[in-house]
Amino acid sequence: MSDLCIETHELGRMFGKTAVLRDISWQASAGNVVALLGPNGSGKTTLFKLVRGLLIPTSGSSTLLGTRSDSLPDSVTNRVCCVLEGCSPPKWVTIRQLMDLHAAAYPQFDRALAEELVKQRGLPLNRRFWTFSKGQQRWAELALSIASRPDVLLLDEPADGLDPAVRRELYDRLRELANERNTAVVVASHVIADVERIADELVLIQHGQITLQASLETLREEVREIELPADQVPLQWGDGMRVLGSKRATSSRVTWVRTPGGDVDRRLQGCLSERAVVRPVGLEMLYFACTEYAEAS
Amino acid sequence: MLLRLDPHSGEPLYRQIVEAIKYQIASGGLAAGEQLPSVRVLASELKINMRTVVKAYDELSHAGFIVLQHGRGAFVTEPQHTRTLVSRRKELSELARRLIAEGCGFGASPSEVADIVRTVADEMERGL
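Residue numbers (our numbering), protein chains in the order written: chain A, 1 to 297; chain B, 1001 to 1128.
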């Protein structure tokens, strides 16, 4: 089987006359954790629905585990878990009943693991769903998805309502799933620090389009924050360097630059004066650089 | 082996691993010949992709800090320290013997040659 679990080609979706997604060409491989970031309304949930075959695209195509997303057989869907907002289980079921449902739907379901994850957080198996808090319900749902040991796991804002300890547990378990079971995990989240801890790939969606797609290690190698005194004349960037964004403060100007091709710091030094301060960039700052402070292209 | 990574610092994780292991070796936290955790175990401990650990180990091995033994794992390089020191001393002694022999050919005594070597070495160290 190919390592590619998700593959979309110029995928697009219109709602009426509005293009919610355009030209999405994206791949996700087995064993990788993908952080899907983007402002509210950028199209992340729609992308999940298209990939999972819950929506039909208006252009382009998508395949999931080698099969077209718009005609997925049970033999594919029983290897894919998708936790979306507003698709929670009925309120009257107990966790045990939910476990039975998962056991029936997912051949790789690990009941012992499910029980461990649920009990660890003090959730009794025989209580009905509506008696739990929002965060507890979320955890139960996520625990069952993890225990289903799918080949592809799609999570839309999974940490919503979870306390910090449970969030940590969640992301540790997702990493474990990717490492041990070779699952392709895709997480859409606004809690950037959480995904930064475990993710391999970043996909940034803005206004329905992918604006940045790269491995996090590559971005750590290539992106720098450069602070210059405000009175300094603008810089001449070297070949291939790309300004992601910039921001003016009272006495200085901060610019975020991506320099592909290695040897980043030496090549940057060639463009900078001694008064420049160069720093590495974490994912949260990178997100702001590409969204709030993005260079108008 | 206790490694701490900062995933939020913007520094590549593989490089953080390389630096942390180099530090452990230098500070004695990792002894010569000691086995490093397997790629799988370290990736699972650090909650990162196994590829990142592989990249770090490759770099450490390339730089001579560790040895990757196929099928057995990664080991801190045995210090060739004592052995190198002994053999270096032997080679230098041989060189000195030849120099003194030549110097004696000019009618100098061995200690006179040694004095001149000392003086020249001092000058070189002072950058003259």
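Calculated from the structure, these hints are not laboratory results.
Note that the Cβ used here is the ideal one computed from N, Cα and C, for glycine as well.
Treat each hint with caution, since some may be false.
Computed beta-carbon distance windows for the label pairs [said to hold, decoys possible]:
| hint | chain 1 | residue 1 | chain 2 | residue 2 | range |
| --- | --- | --- | --- | --- | --- |
| 1 | B | D1115 | A | V277 | 51 to 59 Å |
| 2 | A | Q236 | B | R1126 | 38 to 46 Å |
| 3 | A | P280 | B | L1095 | 43 to 51 Å |
| 4 | B | G1033 | A | S25 | 34 to 42 Å |
| 5 | A | G41 | B | S1027 | 28 to 36 Å |
| 6 | B | G1064 | A | V93 | 15 to 23 Å |
| 7 | B | G1033 | A | Q232 | 40 to 48 Å |
Calculated pairs, DSS-like style, for lysine-lysine (alpha carbon to alpha carbon, straight line, at most 30 Å) [claimed, not checked]:
| hint | chain 1 | residue 1 | chain 2 | residue 2 |
| --- | --- | --- | --- | --- |
| 8 | B | K1047 | A | K49 |
| 9 | B | K1047 | A | K134 |
| 10 | A | K134 | A | K119 |
| 11 | A | K119 | B | K1090 |
Okay, the hints, checked on the actual structure:
no.: 1; hint: B:D1115 - A:V277: 51 to 59 Å; verdict: holds (53 Å)
no.: 2; hint: A:Q236 - B:R1126: 38 to 46 Å; verdict: holds (43 Å)
no.: 3; hint: A:P280 - B:L1095: 43 to 51 Å; verdict: holds (47 Å)
no.: 4; hint: B:G1033 - A:S25: 34 to 42 Å; verdict: violated (49 Å)
no.: 5; hint: A:G41 - B:S1027: 28 to 36 Å; verdict: violated (51 Å)
no.: 6; hint: B:G1064 - A:V93: 15 to 23 Å; verdict: violated (60 Å)
no.: 7; hint: B:G1033 - A:Q232: 40 to 48 Å; verdict: violated (53 Å)
no.: 8; hint: B:K1047 - A:K49; verdict: holds (28 Å)
no.: 9; hint: B:K1047 - A:K134; verdict: holds (27 Å)
no.: 10; hint: A:K134 - A:K119; verdict: holds (17 Å)
no.: 11; hint: A:K119 - B:K1090; verdict: violated (68 Å)
Violated hints for the displayed structure, listed by number in ascending order: 4, 5, 6, 7 and 11.
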